[in-house]
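So the chains spell out like this:
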Amino acid sequence: MTQFKRPDALYDAPTHYCPGCGHGIAQRLVGEVIDELGLRERTVATAPVGCAVLMYDYFNCDVIECPHGRSPAVATGIKRMRPDRVVFTYQGDGDLAAIGTAETIHTANRGENLTVIFVNNAIYGMTGGQMAPTTILGQTTTTTPGGRGRNREGGPIRVCELLSSLDGVCYLERVSVSSPKDVGQARKAIRKAFTNQLEEKGFSLVEVLSMCPTDWKLSPAQSVEFVETQMKKVFPLGVYKDR
Amino acid sequence: MSTQTAKILMKGNEVMCEAAVRAGCKFFAGYPITPQNEVPEYLSWRLPQAGGVFVQAESEIAAINMIFGAAATGFRCMTSSSSPGISLKQEGISYIAAAELPCVIANVQRGGPGLGNIRAAQSDYFQAVKGGGHGDYHLIVLAPSTLTELYALTMNAFDYADHYRNPVMILMDGILGQMVEPIVTEEYRPLFEPTEKDYILDGCKGRKPRIIKTLHLQPAEALVEVNRRLVAKYKRISSELKLCEDFQTDDARLIVSAYGITAQVSKGAVLQARSKGLKVGLIRPITLWPFPEAPFVKAAKTAEKFLVVEMSNGQMIEDVRLAEQCLRPVEFFGVGGGWYPTTDEVLDAIEKSYPA
Ligand SMILES: Cc1ncc(C[n+]2csc(CCOP(=O)(O)OP(=O)(O)O)c2C)c(N)n1
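The listed protein sequences correspond, in order, to chains A and B.
Quick note on numbering: this note's numbering labels position 147 of the first sequence as 128, and the sequence is numbered without any gaps.
Quick note on numbering: this note's numbering labels position 223 of the second sequence as 225, and the sequence is numbered without any gaps.
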C-alpha cells in the first residue's frame, strides 16, 4: 500500500530544490527505504558538493559533507572503521563522474560495502548549468552554447556501463524518476542497494536519471519529456550488474 | 613485534609507524612516494596486526579524504606522503581543519619544486606552517630532529590532534625517514586526560543527528563566527604549545637556528665552534606552528647575530626575523633541491657569520 506520510528519515522541512527537480523525489525514496529497513539510527550519509549539498537539512540522520567528488573516499574511511553502520553517498554527475571519477572507480573496484545514489541530471545544477560528463550530444549548456560535441567535448559518460567491468562491483542499476512507474522501480533498486550493504555484498550503485528544469531551461513537463525521449535513449534503464 | 619496551634498530619511517600504532592509530590511508614508502609498507602489516585498517588509496587526494571519513568516526588516524603528494592533500587538509577533526599527517619532505628529486629537503615549511590549502587555518606542525624524538613526537601528535581537535603535521625529511638508529620503544603515555568525542558520526541512536560540514551560508555571519572560533582555538594553542630546544644560548654572540635534521647537524657545528672558543648557541624550534618566539626575543637581547640553516632557499628565516623583531641581523645558510649541509660546512658558515 502506498503511504503518503513523511518518512522518519526525512525532516519535515521544505527543500530548496527548484520546482520539477528530481533530487526531492530521489531523496524521498532513499528516506522511505531507510525507514522500511529500520536503518535511520545506524546510518551515516555523505553529502556531495552540488545541489544536494544541503541534504543534512533534510535527512534525519548523521551526515558528513564532503569535498567535491570525494564522497566515496570519505565513505570508505567511515565504513572501514564502522562496518556495522550503514553508509551511503549521494552524488551528482559532476561530483561522481568528473571531479570524483578516480574515487568512484577505485571505491567500486575495491568492492567497498557501500551504497551509492548517483543522480544524473546531465548538467551542473548548482553552478548554473555548465556541461556535465553526462551531458548528451547536442545538448546546449552554458559552456556548450553550440551543443555538446561541437568543440571536442567528447560524448556522455555512461557510468553503469563503465563500472560494470569491475570485479568489485556487486550491483548497478539505472532508473529514472520521470514517471510514477519509473519511481516505483527506482524505489526497488534503492532498496536493493541498501539490502546488499546489509548482506555485506559490496559496492552497489543506483543511477537515477533526473530532471533539472531550471538549468535545462525547460518547463517541468518538458523536462520529464527530455528524460523520456532524450536521456533514456542515451542512458538505457536496467540492471547492469547483479551478483 | 611486541608492544613491550625494547631497543631496536629501525628506519625513521618505521619508527614513526610503530609510535603511531602504539599511540592507538587505527586507520592509515596513503599512496606510495619516495622517500616515505616504508610508511605504507610497514603499516600494511603492522596496523591490521594491531586491530587497525590499512588502505592503499588511489591517490593522495583519496587518502586524505579517507582520513576525513575515518576521523569523523572518532578513531585515531593518519596519512603520510612526501612533498608532491602533500600538495595534492591540501584541499582535504583544509576541509579537515575547517571541520575541526583530529588526524596526523606526515610529510617526509623531498626536493622541489615540481617533481624535484628524492633527496631530503625542507622546502615545504611555508606550505606546512602558513596554510598550504585555502582559507584561514593552521596545522600544528611538529619537527623532530632525531629518531628518538620522532618516536615521542608521533605519539604526542595524536594527543595534540585529539586535545585541540586539529590536524597535526609531522614535518620531517628524507634523511630522517631513511636513517637508521637504535631506538627505545617506550610505552605510550597520553599527554592529556581523554575527552569525550561529541562529534562522532556513528548513527544517531539515542541522540540527535550530527552533521560535519564546512559550508556555512546562512546567516551571512555564520562563517565569520566559525572563523572567530578558529582564531580563538589557534590563540589557545599558541599560548599552550610552543616547544623549543634552547642550546648554549646564554652567553652566545651568534645564535644558529635550524629545525629537524638540519638542527642536528648544526648542533654538531655549534659544539665544534665552542671548542674553538666561539660563543655560539642554537635555538631549535620543535613546534614550527605555533612558532616559539620567546627564545628568539630573549636571545636578541644579548646575542649580536642570528644564522638560520635550512635545506631550503630560506623559509623559516622569515619566522625567525618576525620572532626577533629585526633587532639583530639574520643571515642564512642553505639552499633547496636536495642539498644537505655537513657539520664542517655549517661550522664554516658560523665562522663567516661570527660577529667581529
Ligand atoms: C573543487 C571544487 N571545484 C568546483 C566547485 C564548484 N561546484 C560546485 S557544485 C558543482 C557541480 C555540481 O554538479 P553535479 O555534481 O552534477 O550536481 P548537481 O548540482 O547537478 O546536483 C561545481 C563544479 C567546488 N565546489 N569545488
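Don't take each hint at face value.
Derived pair list, reagent style DSS-like, types lysine-lysine, alpha-carbon separation capped at 27 Å [stated by the list, open to error]:
{"id": "1", "chain 1": "A", "residue 1": "182", "chain 2": "B", "residue 2": "207"}
{"id": "2", "chain 1": "A", "residue 1": "-14", "chain 2": "B", "residue 2": "210"}
{"id": "3", "chain 1": "B", "residue 1": "281", "chain 2": "B", "residue 2": "354"}
{"id": "4", "chain 1": "A", "residue 1": "214", "chain 2": "A", "residue 2": "162"}
{"id": "5", "chain 1": "A", "residue 1": "169", "chain 2": "B", "residue 2": "207"}
{"id": "6", "chain 1": "B", "residue 1": "207", "chain 2": "A", "residue 2": "173"}
{"id": "7", "chain 1": "B", "residue 1": "207", "chain 2": "A", "residue 2": "-14"}
{"id": "8", "chain 1": "A", "residue 1": "182", "chain 2": "B", "residue 2": "28"}
Chain B residues, not near chain A, derived (Cβ > 12 Å throughout) [claimed, not checked]:
{"id": "9", "residue": "9"}
{"id": "10", "residue": "89"}
{"id": "11", "residue": "205"}
{"id": "12", "residue": "250"}
These aren't lab readings, by the way, just hints derived from the structure by calculation.
Don't be surprised by glycine CBs; every beta carbon is placed ideally from N, CA and C.
Q.
Given the hinted pair residue 169(A) and residue 207(B), is their Cα-Cα distance within 27 Å?
A. This hinted pair holds, its Cα atoms lying about 26 Å apart.
Q: Mind checking the alpha carbons of residue 182(A) and residue 28(B) for me, to see if they're no more than 27 Å apart?
A: Between residue 182(A) and residue 28(B) the Cα gap is close to 24 Å, so the pair holds against 27 Å.
Q) In terms of Cβ atoms, is chain A entirely out of 12 Å range of residue 9(B)? A) Residue 9(B) clear of chain A: closest Cβ-Cβ about 33 Å, beyond 12 Å.
Q) Holds or violated: are the alpha carbons of residue 214(A) and residue 162(A) at most 27 Å from each other? A) Answer holds: residue 214(A) to residue 162(A) is near 17 Å, not above 27 Å.
Q. For the pair supplied as a hint, residue 207(B) and residue -14(A), is the alpha-carbon distance within the 27 Å limit?
A. holds, 22 Å
Q: Could you grab the alpha-carbon distance between residue -14(A) and residue 210(B) and see if it respects the 27 Å cut-off?
A: holds, 21 Å
**Q.** Interface-negative label, residue 89(B) against chain A, beta-carbon threshold 12 Å
**A.** holds, 15 Å
Q) Hey, residue 182(A) versus residue 207(B), does the alpha-carbon distance stay inside 27 Å? A) holds, 24 Å
Q) Is residue 207(B) close enough to residue 173(A), meaning Cα to Cα at most 27 Å? A) Holds, at roughly 23 Å.
Q: Compute the least Cβ-Cβ separation between residue 205(B) and chain A, then decide whether it is above 12 Å.
A: violated, 4 Å
(Q) Run the distance test for residue 281(B) versus residue 354(B): straight-line Cα separation, threshold 27 Å. (A) holds, 13 Å
Q) Taking the minimum C-beta separation from residue 250(B) to chain A, is that value above 12 Å? A) holds, 46 Å
Checked against the numbered hints above, the structure violates only hint 11.
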